[in-house]
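Letter by letter, the chains look like this.
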Amino acid sequence: MTGTIVFWVVVGIIVALVIYVIGLYNSLVALRNQVKNAWSQIDVQLKRRHDLIPNLVETARGYMKHERETFDAVTKARADATGARGVPQIAQAEGRLTDALSKFMAVVENYPELKANQNFLAVQEELASTENRIAFARQAYNDAALFLNNKVEMFPSNIVANMFAFTREPFFEMEDASERAVPKVSFSS
Amino acid sequence: MFWQVIAANKRNTVILVVTMGVVLALVGYFAGTLVGVWLGMTAYGPEPASGGTNAGWVGMGVALLVWFVLLLAALLGSDELFLGLAGAKEVSHDTYPQLFNVVEEMKIASSLPAMPRVFIMDDPAPNAFALGKSPKNCAVCVTAGLLAMCDRDELQGVIAHEIGHIVNRDALYLGVAATMLGAVTIISDTLLRSLRYAPVARYRSSGTKGGRGLVNVWFILVAFVFIIISPILSRILYFSISRRREYLADATSARLTRYPPGLASALEKIMLSPSILTTAPRVIAPFYTVNPYKQDLEGGLFATHPPLPQRIRILKAMATGAAFRDYVKAYWDVTHTRKQLIPVADMQLGEAVGIRAPSPKAPEQGRAGDIIRAMNDFVFIPCSCGMTMKIPPEFARGVVQCPRCGQDHTVERPAKGAASGILAGASAFTRQSPGEEQTEQRVIGAWQTLTCRGCGKNIPLSPVFNLTRVTCTRCGQLIRLT
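Going down the list, the protein sequences come from chains V and Y. FYI, the numbering for the first sequence is 1 to 189, going by the numbering used here. FYI, the numbering for the second sequence is 1 to 482, going by the numbering used here.
Since the hints were derived computationally from the structure, they do not count as laboratory data. Since the structure is predicted, the reported quantities are computational estimates derived from the model, not experimental observations. Careful: at least some of the hints might be erroneous.
What the hints assert, rightly or not - Here are the simulated lysine-lysine pairs, BS3-like style, with alpha carbons at most 27 Å apart:
| hint | chain 1 | residue 1 | chain 2 | residue 2 |
| --- | --- | --- | --- | --- |
| 1 | Y | K10 | V | K151 |
| 2 | Y | K329 | V | K151 |
| 3 | V | K151 | Y | K136 |
| 4 | V | K47 | Y | K136 |
| 5 | Y | K269 | Y | K316 |
| 6 | V | K36 | Y | K136 |
Next comes chain V alone, as it looks inside the complex:
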């Protein structure tokens, strides 16, 4: 009598454990897919930015006749970014492109007619949105990676993660030259 009770209790515990492990495994897979998805979203938005730049340059060229260097810098940075392969190189090239674009936008400030051009305003909005999207995609990727890493490292989900070879995902840090360029103010003499 007690034997059967013990038997069924053990069976119950095993079934509960299996269900728990299946649940954990599924949530890990879902998280990993989310990480992959977020990563592809970054790619999509970087591509979008590359596609917008020729438009921007074409619209601005008529107004900014004497800014050859600025145009060349943007075009060259774009070419470098399109050609870059491998995560660190891509991150570096995209950082330089962001830099060149922000310099370009600073120069635009001197051309009020250009700033009032409807076409230019439209491209500018698309570009600003794309910059935001890249930032948000990076943020979403890092969030997803953080969730996954927490699950991979924390007890008890780490047991399941190890069983099925889930690994940590690296965070995406984009080279931001302008951020580094901020001068450090020191009050010590």
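We have chain V; now place chain Y onto it with these hints.
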């Protein structure tokens, strides 16, 4: 995201649906029994007990059938219904690029699997709401008033708040609850109204053993079920809506945008705005960013939203970062409590989330009004004096006089769907020229008078007139400007 909140919302939706089924079935059974007993005594002779029991089961069957219909309505068509009730129109990237871009940015930030549909509601009161039973199929809707008064960062804050409702599954729970409640209310109102005429027919036909009397009795039975159930349900809905969900959506917004001042400033503008949403049906009030009925300043027992000033103060108190824990800390500071706003398990995001810098201010704002007019089939007529007349669709006459210079213009209505073209270039409405074309050199940025070659009429052009052609209003001659 808030996994526990999401799970709780899904659970509550199921509980709500099941509870409604049980309540409906019980009420149906009792009402059926009552009617059956009464029927047995009045029309069908001395068998009250058995007649009553059978009628009870039939009553329950009717109630369950109704429940099933409500469930189908809630699961299949409620989004369209609410958008229709609110008078919302879908927009694309072409109609309003900035709004569309902001929504897409937030879609990316929140990793929604699909782009939400974007709607604009033609209402001067600033507000917004989100619908969506799942993140795959959802919609956000903003009013024209909100678009007109918010800059990019503020708009982003509001949209992120709405996306927060979708991600946290508040929209799922509210959608199902409000559809079921709304349908019950509508049905019970309709039945109550038609019941006034029903008794006459019943008394007349109950003596002649016809089927008509029986139909009327069942009709009354169904009406009773609804009349009893509708106030109960509306109470359930009001009490089940947690005001916490608004705080959580604010916290989500701050975290997604990394910029709490954006939403704070938008809420401030909404609070100070004098206009009240006119098109909002009461059933969908809980959906909005702020309660459209302006009870939010005090926050009473039946308030569906927490008080606005408090929400603003919390967002403004988030000085250290934009993470969930920063929001909770600000909430504690402002309310002087230690209430656990966010479930501990959802707070595990260990990393610090910085606040970003505000985005640069756009040089041009406020074309939202024109976009709404274009969507509502207004006709835009540019006058040569620089004035642009915006003619509403109700305007019946074919000719309109410019209020500034007195010229007459013909009103030509474009085919439906041509609205977005109005905004791209306003030249679509000038009349086709009968004679040969005339070309004139345009002096940019100055007053200029053209003489029409067809009839000799002098046409003044103001410095702001920037179209490439003009039509003589007397003879219809087309003049190209180069």
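task: Hint by hint, work out which the structure violates, then give me just those numbers in ascending order.
output: Violated hints: none at all, because every hint is consistent with the structure.
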